[in-house]
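Use the sequences and the hints to build the structure in full.
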Amino acid sequence: AQSVTQLDSHVSVSEGTPVLLRCNYSSSYSPSLFWYVQHPNKGLQLLLKYTSAATLVKGINGFEAEFKKSETSFHLTKPSAHMSDAAEYFCVVSEYNFNKFYFGSGTKLNVKP
Amino acid sequence: GAGVSQSPRYKVAKRGQDVALRCDPISGHVSLFWYQQALGQGPEFLTYFQNEAQLDKSGLPSDRFFAERPEGSVSTLKIQRTQQEDSAVYLCASSTLAGGPHEQYFGPGTRLTVT
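Going down the list, the sequences are from chains A and B. Going left to right, the first sequence walks through residues 4 to 116 as the working numbering numbers them. Going left to right, the second sequence walks through residues 751 to 865 as the working numbering numbers them.
If you're looking for bench data, these hints aren't it; they were derived computationally from the structure. It cannot be assumed that every hint is accurate.
Under the rule of at most 25 Å between Cα atoms (straight-line distance), these lysine-lysine pairs were calculated in the DSS-like manner [as the list claims (entries may be wrong)]: (1) 111(A) / 71(A); (2) 45(A) / 828(B); (3) 45(A) / 761(B); (4) 115(A) / 71(A); (5) 71(A) / 61(A); (6) 61(A) / 45(A).
Chain B side only, calculated, beta carbon under 7 Å to chain A, not exhaustive [what the hints assert, rightly or not]: (7) 788; (8) 791; (9) 792; (10) 793; (11) 795; (12) 802; (13) 851; (14) 856; (15) 858; (16) 863.
Restraint-style ranges between C-beta atoms, simulated for each label pair [claimed, not checked]: (17) 82(A) / 826(B): 37 to 47 Å; (18) 21(A) / 772(B): 40 to 50 Å; (19) 72(A) / 822(B): 22 to 32 Å.
Source: prediction; values computed, not measured. We treat Cβ as the ideally placed atom computed from N, Cα and C, and that holds for glycine.
Okay, structure coming up:
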């Protein structure tokens with residue numbers, strides 16, 4: 004069975020400081036993992052995805068994530084937060100056969116000036 | 751190009767009414783998904799279509815929920831005799847290929863409020 008745990012429901016950082024959003028997954032086989040971002044009144048947008056290639060994945064807007072099988076983690080990071088990064092972020096594990104997505108409960112990122 | 755569109759964007763229904771939510775996927779996308787997102791939660795899978803075939807409906811919460819995609823493009827999610835617990839945002843997503851893992855492209859959602 005697949006599941007995702009996002010360890011923080013809210014994260015607050017100052018503009019220009021690093022961002023860390025934590026995600027742990029459970030999967031019965033080699034997983035595919037995604038991070039999506041949801042801005043208010045906007046649709047979910049893909050940030051990045053891991054599909055068993057390089058374990059360090061680079062995405063849009065300076066975000067990256069590292070797949071660590073031993074820790075069953077896929078944490079999202081960014082070196083320097085920008086005000087426009089304020090949004091809700093979802094970690095997702097995909098079921099291989101039908102590509103059914105299992106979402107975490109989301110982490111709301113607040114960026115302070 | 752055009753993304754996934756959904757209509758209506760907002761729907762208010764009185765308890766007991768039937769509603770129909772429409773999804774227009776990206777042209778040519780084989781796979782189509784419906785998700786339900788309750789307030790403060792992540793989206794949860796409802797059902798999956800590959801072209802016109804509904805291959806997985808394991809997430810539909812009750813037999814009041816019904817989805818169709820008769821010509822393999824536009825899809826409709828129908829909820830009969832709506833209940834207050836049906837209040838949520840309903841998201842549609844499409845994907846270019848069958849199987850996985852592939853990026854899913856999401857629409858803006860339909861916010862359903864049952865009063």
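For a quick check of understanding: which of the numbered hints are violated here, in increasing order?
Result: hints 4, 7, 12, 16 and 19 break, sorted rising.
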